[in-house]
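Participant: Following the hints, complete the assembly by docking chain B onto the known chain A.
Chain order of the listed sequences is A and B.
My numbering numbers the first residue of the first sequence as 56 and each following residue consecutively.
My numbering numbers the first residue of the second sequence as 56 and each following residue consecutively.
None of these hints come from the bench; they were simulated from the model.
One thing to keep in mind: the hints can contain errors.
[As the list claims (entries may be wrong)] Pair ranges (Cβ atoms, derived):
no., chain 1, residue 1, chain 2, residue 2, range
1, B, D229, A, P151, 33 to 39 Å
2, B, P151, A, V60, 15 to 21 Å
3, B, D258, A, R268, 55 to 61 Å
4, A, V60, B, A155, 21 to 27 Å
5, A, P109, B, R154, 30 to 36 Å
6, A, P151, B, N81, 43 to 49 Å
7, B, Y232, A, G134, 21 to 27 Å
8, A, Q74, B, I239, 35 to 41 Å
9, B, T253, A, R271, 49 to 55 Å
10, A, A159, B, Q62, 42 to 48 Å
11, A, R268, B, L188, 27 to 33 Å
12, A, P158, B, L108, 54 to 60 Å
13, B, G134, A, E269, 49 to 55 Å
14, B, F246, A, N141, 23 to 29 Å
[What the hints assert, rightly or not] Sample of chain A residues at the chain B side, in silico, Cβ under 8 Å:
no., residue
15, P93
16, G144
17, C146
18, G174
19, C178
20, P196
21, D200
22, K201
23, P206
24, A210
Just so we're clear, the structure is a prediction, and the values are computed from it rather than from any experiment.
Just so it is clear, CB atoms sit at the ideal spot from N, CA and C, and this is done for glycine as well.
Number of protein chains: 2
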Amino acid sequence: MNIPVMQEILSANDQVAAQNRAAFENASVLALNLMASPGAGKTSFILATAARLPPGVRLGVIEGDLASRIDADTIAARGIPVAQINTGGNCHLDAPMVRAALPALPLASLDLLLIENVGNLVCTANFALGAHLGVVIASTPEGHDKPYKYPGMFASADAVVLNKADLLHVFDFDLAYFRRGVEILNPDAPFFVVSCRTGAGMDKWVAWLLSLRELRVKS
Amino acid sequence: MNIPVMQEILSANDQVAAQNRAAFENASVLALNLMASPGAGKTSFILATAARLPPGVRLGVIEGDLASRIDADTIAARGIPVAQINTGGNCHLDAPMVRAALPALPLASLDLLLIENVGNLVCTANFALGAHLGVVIASTPEGHDKPYKYPGMFASADAVVLNKADLLHVFDFDLAYFRRGVEILNPDAPFFVVSCRTGAGMDKWVAWLLSLRELRVKS
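So that you can see chain A by itself, here it is in the shape it has in the complex (with noise of 0.2 Å):
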């Protein structure tokens, strides 16, 4: 009975997550969709990427939560241009919520925008924001059947983060099996294994993200 209204719902958000990568585009901003549980560390990795970026590339942030401004402004402290999207109960960012949010920041002179989704590794992975790629960000203490436990989220990422790696040990984490898991259900996905919290691993994420062609820096 919910199914037809559920279709009209995506596809009322898609048209206008096109919109949001019609405007991502004529601003030449790479916008990237950052999912994952709670606590799995987003804030601390958009953190850890803008502390490595080349001084030229400029950056932008939107967080989604359902409630307080607790993220944005740990990202305003840094003088990182921040919107905070609240969203009530719901349970993820929708593609209206970031239209919505785009008007408070400066896109026209951002290089790169990094959407902070609700912390939730199911919900947000059915709705396009109208970003690039898609990213989940896994954590060691989730343990390491989440891809197994939850193969949407990891099938449909552009890639793969596996933060707080410096923990790999205290939880017993056995990496050759989540990545076997990642695999499976996503083989092409690049997969970064990092830590916030020790800097390992991120120059590897930020090269990569400095290569990607949709990445224009504005001179």
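Facilitator: Showing chain B alone in chain A's frame:
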């Protein structure tokens, strides 16, 4: 546009939840709905609880996951009756799923049923399953800001558990800030700080569980 349909779905769910509750009451089974982020340690919490129950208390488990039988196999290996629900893409259990799983359990001979919901700190709070109590399990790696960012879950839970307390210092987890966030939303909820790994705090949790008037152990 989608709101009336959503209300219809919720109402239908609530009707089945009431039937589930009646089935639990008829069988004299206390049922708990365990909700948490992915990887917070729900399955470990079930095992740590099981290990501390007096011999006379008979436990059954329902495992909810999008995919896989990983958790059900872990529970079954301990000799505990278990039913696995795979939701497909669905981000939460609902009452009809639980109803469909009940015939796989020896309900009449159980005293306690622990229902492990899908790993999701948002959607699971919105769907009654028929359980007597809803318990949210947070964990220290997720960070101390979770009550502020996911207020719906923490406001509606009947008890709050903080797991992985042995790693408080590893994550610079501010316990007072976390607890204040819970108390603002839900001042009367019992609050348990535990480590399923070390067992710390588990006796207090199990003592509370055994003190609940809904738990009537069959002789």
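Participant: It remains to establish, for every hint, whether it holds in the given structure.
Facilitator: Tested hints:
Between D229(B) and P151(A) the Cβ separation comes to about 35 Å, which falls inside the hinted range of 33 to 39 Å. Under the hint 15 to 21 Å, the C-beta atoms of P151(B) and V60(A), about 19 Å apart, fit the expected range. For D258(B) and R268(A), the hinted distance range of 55 to 61 Å is satisfied, since their beta carbons lie about 58 Å from each other. Hint check: V60(A) to A155(B), Cβ distance near 24 Å, so the stated range 21 to 27 Å holds.
Separation of P109(A) from R154(B) is about 57 Å and departs from the stated range, judged on CB atoms against 30 to 36 Å. Roughly 46 Å separates the CB atoms of P151(A) and N81(B), a value that falls within the hinted 43 to 49 Å. Y232(B) and G134(A) have their C-beta atoms about 25 Å apart, which keeps the hinted 21 to 27 Å range intact. Look at Q74(A) against I239(B): about 38 Å separates their beta carbons, and that is inside 35 to 41 Å.
Checked against the given bound of 49 to 55 Å, the beta carbons of T253(B) and R271(A), roughly 52 Å apart, stay inside it. Checked against the given bound of 42 to 48 Å, the beta carbons of A159(A) and Q62(B), roughly 33 Å apart, lie outside it. A hinted range of 27 to 33 Å for the beta carbons of R268(A) and L188(B) is inconsistent with their spacing of about 53 Å. Between P158(A) and L108(B) the beta carbons are some 56 Å apart, a value that agrees with the proposed interval 54 to 60 Å.
The hinted range of 49 to 55 Å is satisfied by G134(B) and E269(A), whose Cβ atoms lie roughly 54 Å apart. A hinted range of 23 to 29 Å holds for the C-beta pair F246(B) and N141(A), which are about 26 Å apart. Using the Cβ-Cβ criterion of 8 Å, the hint placing P93(A) at the interface with chain B is satisfied: the shortest such distance is roughly 4 Å. For G144(A), the suggested interface contact is upheld, since its CB lies about 6 Å from the closest CB of chain B, less than 8 Å.
With a cut of 8 Å, the hint placing C146(A) at the interface with chain B holds, because the nearest CB-to-CB distance is about 4 Å. Hint on G174(A) holds. Least Cβ distance to chain B is approximately 6 Å, under the 8 Å limit. Checking C178(A) against chain B: minimum C-beta separation of about 5 Å stays under 8 Å; hint holds. This hint holds: P196(A) has a C-beta 4 Å from the nearest C-beta of chain B, less than the 8 Å allowed.
The beta carbon of D200(A) is positioned within 8 Å of a beta carbon in chain B (closest approach about 5 Å), and the interface hint is therefore held. A least Cβ separation of about 6 Å between K201(A) and chain B falls short of the 8 Å threshold, and the interface hint therefore holds. About 5 Å separates the beta-carbon of P206(A) from the nearest beta-carbon of chain B, less than 8 Å, and the hint is met. Interface hint at A210(A): violated, since its Cβ lies 11 Å from the closest Cβ of chain B, which is beyond the 8 Å cut-off.
Hint compliance for this structure: hints 5, 10, 11, 24 are broken, all remaining hints hold.
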